[in-house]
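Asks: Position 154 of the sequence shown, counting from 1, maps to 153 under numbering that gives the first Met the number 0, and the rest follow consecutively.
Check each hint, because a few of them may be wrong.
Claimed, not checked - Calculated lysine-lysine pairs in the DSS-like style (CA-CA distance at most 25 Å, straight line):
(1) 275 to 298
(2) 44 to 75
(3) 342 to 329
(4) 188 to 80
(5) 237 to 188
(6) 266 to 237
Everything labelled a hint here was simulated from the structure, so no lab data went into it.
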Amino acid sequence: MGVSLLLPLEGVRVVDLTNFLPGPFCSMILSDFGAEVIKVERPPKGDPARYQGGMFTSAGRNKKSVALDLKSDEGKEALRKLVLNCDVLMEGFRPGVLDRLGFGWEAVRALNDRVVYCSISGFGQTGPNRDLAGHDVNYLSIAGALSISGDPDGPPVAGGGVQVADLTSAMYAAVSVLAAIINRGRTGKGAYLDVSMTDCVLAFMGPRILEYFDRGMPPKGTMMGRSGFGAYRTRDGKYVSVGCLELNFWQRLCDALGDPELGRDPKYLGWFDRMKYRAEINPRLDEKFLLRDRDEWMKILREADVPVTPVNRIEELENDPQFVSRGMIKRVNGQPLVAFPVKFEGLELREPGPAPELGADNGGILGGPGL
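Given only the sequences and the hints, what does the whole structure look like? Please build it.
Replies: Here it is, written out as structure tokens:
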């Protein structure tokens with residue numbers, strides 16, 4: 000019988016004032032590690048993500064909810080008392096909003112100097128863009144990620160259906176909160192974290208930026224364009240993706256497709272050559288992939304040791320054998336929730352649970368001692 004372990008952040012209290020996705024996804028990560036996350040929402044409707052399909056259910060799992068009107072004296076007093084007893088305060092307003100409400104970093108630090116105060120905003124707390132409105136597509140574009148996305152011969156394409164800037168900033172925020180908590184154990188003092196969603200995208204661009212200049216500032220077309228590295232439609236209308244960057248994989252792909260001459264043509268032996276001549280290569284590959292169904296190609300290409308995966312539709316994810324074996328999707332109240340992606344030995348995490356109803360914990364939390 001295994002030894003029951005404490006969750007790594009058990010005893011850490013997070014007061015989360017954020018809405019939508021970046022902040023809530025960050026506090027979801029902290030909650031998965033065992034933190035008590037108290038989500039503070041504005042009455043009467045709460046986080047607008049509650050009305051964005053399953054976004055709230057996904058990022059709100061295992062949290063508590065209190066409804067506070069921070070423009071009222073009573074709401075401000077309740078938040079002050081929460082701040083006195085919390086380890087982390089998270090906010091996602093435009094810069095200056097919480098200062099005007101009396102809960103900026105200096106005011107909070109005066110109440111509790113052990114607080115790790117995390118601000119997530121589109122452009123950060125400084126700079127000429129700090130007060131501008133924005134969304135994921137804006138942060139991707141200014142950081143350069145949009146310029147190298149999509150078909151090389153077409154317009155930039157945003158995000159591929161995933162909120163990249165939102166989620167990268169959530170991950171950087173979570174890592175930074177954990178680092179600040181560790182540092183507090185050494186110094187006894189909290190810290191202020193200024194998380195810019197734009198800066199986080201730019202950080203992810205770091206390898207691409209160096210690659211770009213090392214190659215002599217090539218056009219977008221040499222970074223993407225399929226030629227054996229991308230998605231291909233099959234006979235049954237589905238898609239497979241292949242990742243044949245190296246020459247050995249490229250030649251195995253061409254052999255498996257029944258076109259060995261293509262794989263050994265001296266004009267196409269280099270990766271950048273294949274990108275250069277993609278207009279010649281792609282039609283030949285497209286024609287080959289349309290000869291069989293997706294599952295047939297999956298079997299053939301995997302037997303040939305070609306990097307290939309299905310382009311899963313969302314409804315297929317829950318039954319994909321890889322995700323089933325890893326226990327990645329859990330049903331909670333009939334809804335599929337994605338589990339924490341890292342597997343541990345010697346450390347336990349909280350299992351995905353339901354998201355709270357708005358204000359469900361007002362009595363239990365705001366009615367407690369001193370509140």
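Asks: Each hint needs a verdict: does it hold in this structure or not?
Replies: Each hint tested on the structure:
no. : hint       : result
1   : 275 to 298 : violated, 30 Å
2   : 44 to 75   : holds, 18 Å
3   : 342 to 329 : holds, 15 Å
4   : 188 to 80  : holds, 19 Å
5   : 237 to 188 : violated, 55 Å
6   : 266 to 237 : violated, 30 Å
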